[in-house]
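*Asks:* Construct the entire structure; sequences and hints are all you get.
4 protein chains.
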Amino acid sequence: MLVKDWKEFLIPYEQAVEELKVKFKSIRKQYRSKSEYSPIEFVTGRVKEISSILEKAKKLDIPLNRISEEMEDIAGIRIMCQFVEDIYKVVQIIHQRDGKDLRIVYEKDYVKNKKESGYRSYHIIIKYPLQTTEGEVEILAEIQIRTLAMNFWATAEHSLNYKYKQSIPENIKERLKKSAELAFLLDQEMSAIKEEIIEAQKMFEIKSSI
Amino acid sequence: MLVKDWKEFLIPYEQAVEELKVKFKSIRKQYRSKSEYSPIEFVTGRVKEISSILEKAKKLDIPLNRISEEMEDIAGIRIMCQFVEDIYKVVQIIHQRDGKDLRIVYEKDYVKNKKESGYRSYHIIIKYPLQTTEGEVEILAEIQIRTLAMNFWATAEHSLNYKYKQSIPENIKERLKKSAELAFLLDQEMSAIKEEIIEAQKMFEIKSSI
Amino acid sequence: MLVKDWKEFLIPYEQAVEELKVKFKSIRKQYRSKSEYSPIEFVTGRVKEISSILEKAKKLDIPLNRISEEMEDIAGIRIMCQFVEDIYKVVQIIHQRDGKDLRIVYEKDYVKNKKESGYRSYHIIIKYPLQTTEGEVEILAEIQIRTLAMNFWATAEHSLNYKYKQSIPENIKERLKKSAELAFLLDQEMSAIKEEIIEAQKMFEIKSSI
Amino acid sequence: MLVKDWKEFLIPYEQAVEELKVKFKSIRKQYRSKSEYSPIEFVTGRVKEISSILEKAKKLDIPLNRISEEMEDIAGIRIMCQFVEDIYKVVQIIHQRDGKDLRIVYEKDYVKNKKESGYRSYHIIIKYPLQTTEGEVEILAEIQIRTLAMNFWATAEHSLNYKYKQSIPENIKERLKKSAELAFLLDQEMSAIKEEIIEAQKMFEIKSSI
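Residue numbers (my numbering), protein chains in the order written: chain A, 36 to 245; chain B, 36 to 245; chain C, 36 to 245; chain D, 36 to 245.
Do not take every clue at face value.
You can't tell identical chains apart in this list, so a pair holds if it fits in one copy or across any two.
Unchecked claim - Only pairs whose alpha carbons sit at most 30 Å apart, straight line, appear in this in silico BS3-like list of lysine-lysine:
#1 Lys212 to Lys135
#2 Lys83 to Lys149
#3 Lys150 to Lys162
#4 Lys39 to Lys94
#5 Lys212 to Lys124
#6 Lys91 to Lys150
#7 Lys56 to Lys135
#8 Lys162 to Lys56
By construction, these hints were calculated from the structure, which means they are not laboratory data.
*Replies:* This is the structure:
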């Protein structure tokens, strides 16, 4: 494909990312407008770079005329949460929309079952119906849901991999894995503190009411 | 209603305006990305001011618990076109989406049948399904489609009405009507020139091929 | 230049357009927040397409290593007003900033002295100081100030010229010029109505106070 | 002050935040466009809520007519980095702009000298010259520069403090402090890994060239 054709191919993906970003950001706004706690801290989105699409197609042996059916993360949405529990609230919100403005294809819970590398996130692959100048099309998109700590680790790992991928020796991979455990401990500790505070408040209220 | 309650009431309208703006703007992008002429020049949107909602509810005798069913322009989208013909292309694009991501309630063609005041625009009232934290809701919205000349006139008329509404004498209303005719002539003249150029090009091509 | 080099060359222009758009849009917000009439109706901005830069450089005989000094409209800002009088208020606002966050190079008043084609607008060429990762640079930018009617005509003329430029015969150019006069009459008529209403209001107030 | 007056008071702060966000985001774009590593990962900004301004004014005993001179964080910009080293690169970039489009008032390095609570971030207080409809004004603004891990911890601490502030017992504060140490270890570990990889690459290149 020529650059011009790629640009045209990517147009519906850009549109899908735009619409999904607006939709998930509005969930946060709705909570905030009612002064309620929002399980969504912030939302980002991106269309995969042409070079990365080509690289991935080659690696996974996907013929170019099949990428819109087989490559699931050309359109990508990332939802960041503060606490691990919030991830599952967001998952539930997306489940409730299944069959309405999006359709869930499958899910992978890398939060409970972390990857070998240490990577943690909840992935939902969806089909998103899109109105274009040539009628309705369905776009594959990947939604990644993670805490800020998971995001910190994943972003750093990605940029290290990106810069040094040819020469990361095993012992460094091991260190990365350990830092992932640190990020995990951090999430756990924060959740625990949250629980403990709630507990302390209940005790306080019971005492007060005696 | 308290200001706080109004804010909460308006949240889904704001979300609907955001989503519809993204959707109609992307039509323009799609045409441009294929180097084709876009019938849409630009898109704006707004949620009606609380003060204007109250004023209109009073004028039309709509009880406050009925405004979400009876006031059609709390969420408003405006689509600007270059030529009158483009308006009907946009209308056709919206018709094709009827029953997909929106539902047409009714239409008013103030382009062919201008208002007494001189006002011209094509209005489509839609219901727009919205996913909220409390499930799906359907939002009434008004889409106005007009040329830049119609928009120029309507904007100026609106701001004159707004500033001086108590004291516009009949003779000035008459002048406003005449200026609407000027705007109409301008649209007609531009369309005619467009036609003539296309005709001239055909003549030129016929000559060239002899 | 390679596409990659062009992209890098255009980066500061994109940044300048972004900053100037934010700055001029905020003028409108300031007026609105005080419930005052804003002389600015809306603001757009764009960086010139590479193909258009090359075309213009060729036409004006500008060597490529001189375009940042000699091509004044690579960064372009357009400010739309409702009434002709507003144009001069905006000009005055820009004059007050001269030597502060921008520097005026020269001005052309195509409102009072319209172009042969019928084109009307007020142009201000500025130098805008920009902080980059490589220190401060000064960017040439063109600010066009016009009414919505001027903008309607200029946009239509531009798109007709663009599509049919090879074959516009003299008689059609003549018609375009006449339509420009219509747009001019429309502006004049709207200004006149505005004046008359103000006059009528004064009469009304005098009568009331007798 | 009435709500209306507050809104007017906050207008220049909103403008300053908008302009500063555009400016710092463009630094990232500049690096990316040259395919260079950007020390800035992302940028956010906000104007302090009226209720928070009032609360802080009361706590610090600032009279309301002095808040624009004495409250430094009404306009706030937050710059997120991937690695601790990047924070100091961003600080250097801001130093280079001192006296140009902003003026540094003072700085606090809570990265090297963390707060009692465990909080880490680099703060720069600036004065930012702003062109308004009423001439130039200088706005105080606070720039916070931190890693994603620092941001994760600070965000969580903030929301815990916000929700439970009346009843956080000492032992829970202690746990929060420990989790801050975890976040610190995470940053250190990531930096160390980065260094080790660079070292490994050098070794690899030396071997290759033998």
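*Asks:* Of the hints given before, which are not true for this structure?
*Replies:* When the structure is compared with the hints, only number 1 turns out to be violated.
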